[in-house]
Amino acid sequence: DAKTTQPNSMESNEEEPVHLPCNHSTISGTDYIHWYRQLPSQGPEYVIHGLTSNVNNRMASLAIAEDRKSSTLILHRATLRDAAVYYCILRDGTGRRALTFGSGTRLQVQP
Amino acid sequence: NAGVTQTPKFRVLKTGQSMTLLCAQDMNHEYMYWYRQDPGMGLRLIHYSVGEGTTAKGEVPDGYNVSRLKKQNFLLGLESAAPSQTSVYFCASSVLRTADTSPLHFGNGTRLTVT
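The listed protein sequences correspond, in order, to chains A and B. First residue of the first sequence? That's -10 in the numbering used here, and the numbers climb one at a time after it. First residue of the second sequence? That's 664 in the numbering used here, and the numbers climb one at a time after it.
Hints were generated in silico from the structure; no laboratory data involved. Just so you know, not all the hints are guaranteed correct.
[As the list claims (entries may be wrong)] To list a few chain B residues with every Cβ distance to chain A over 12 Å, as calculated:
hint : residue
1    : 678
2    : 691
3    : 707
4    : 733
5    : 742
6    : 748
7    : 755
8    : 771
9    : 774
[Stated by the list, open to error] Distance condition first, Cα-Cα at most 35 Å in a straight line; then the derived DSBU-like pairs of lysine-lysine:
hint : chain 1 : residue 1 : chain 2 : residue 2
10   : B       : 720       : A       : -8
11   : B       : 734       : B       : 720
12   : A       : -8        : A       : 58
13   : B       : 720       : B       : 677
14   : A       : 58        : B       : 733
15   : B       : 733       : A       : -8
16   : B       : 672       : B       : 733
17   : A       : -8        : B       : 734
18   : A       : 58        : B       : 720
19   : B       : 672       : B       : 734
20   : B       : 720       : B       : 672
21   : B       : 733       : B       : 720
22   : B       : 677       : B       : 734
Even glycine gets a Cβ: it sits at the ideal position worked out from N, Cα and C.
All chains, please: the whole structure from these sequences, using the hints.
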């Protein structure tokens, strides 16, 4: 399975944008890029996903490099509630293989 | 619509005891999963199911058994608990669709301590 690499931790200030990077140099053509986050003492929750084009939803934006070897999750205005562990995950196009979670990026948001 | 519900929320077992964790989903999802999360670590897949009556091994299946007798329920059993199974267990479910539109829905976890 293709692996992802993320920084262990990042810090941001409240109300500022946050760019969370993810490298996936061995991504295959049929792999989708998924992002989940896990708030303290909760199960992971889905954030966003994409294949080739940049994606936006109410929670975040996903910017995917042209060669698809990296992507960036963008939180436009960080809030204290966004402090969580963010996981970047590749999922094959059949959806038949379960998600494999790495250790993710722990985001701290300072007031 | 409760989503994914896990019971119990907390449990303490002695080494060698057995127990069953229950996961129930009310979204008519075909796929269900059991993950474990050790302190400071990411989630690791134990077992999963792609439909009623079917199960498959994940990354760390040893010491666990599962059953999916009804579509809405996925049971995780520990026959003889060991301290190494102290962890937080998460259940998740998803629809049977192509990967781009099938996010996983997670429960809030069961915190298990084996002494």
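Against the structure, the hints:
no.: 1; hint: 678; verdict: holds, 26 Å
no.: 2; hint: 691; verdict: holds, 16 Å
no.: 3; hint: 707; verdict: violated, 7 Å
no.: 4; hint: 733; verdict: holds, 20 Å
no.: 5; hint: 742; verdict: holds, 23 Å
no.: 6; hint: 748; verdict: holds, 19 Å
no.: 7; hint: 755; verdict: violated, 7 Å
no.: 8; hint: 771; verdict: violated, 5 Å
no.: 9; hint: 774; verdict: violated, 9 Å
no.: 10; hint: 720(B) x -8(A); verdict: holds, 20 Å
no.: 11; hint: 734(B) x 720(B); verdict: holds, 18 Å
no.: 12; hint: -8(A) x 58(A); verdict: holds, 11 Å
no.: 13; hint: 720(B) x 677(B); verdict: holds, 25 Å
no.: 14; hint: 58(A) x 733(B); verdict: violated, 40 Å
no.: 15; hint: 733(B) x -8(A); verdict: holds, 34 Å
no.: 16; hint: 672(B) x 733(B); verdict: holds, 21 Å
no.: 17; hint: -8(A) x 734(B); verdict: holds, 31 Å
no.: 18; hint: 58(A) x 720(B); verdict: holds, 29 Å
no.: 19; hint: 672(B) x 734(B); verdict: holds, 22 Å
no.: 20; hint: 720(B) x 672(B); verdict: holds, 24 Å
no.: 21; hint: 733(B) x 720(B); verdict: holds, 18 Å
no.: 22; hint: 677(B) x 734(B); verdict: holds, 31 Å
In summary, the numbered hints that this structure violates are 3, 7, 8, 9 and 14.
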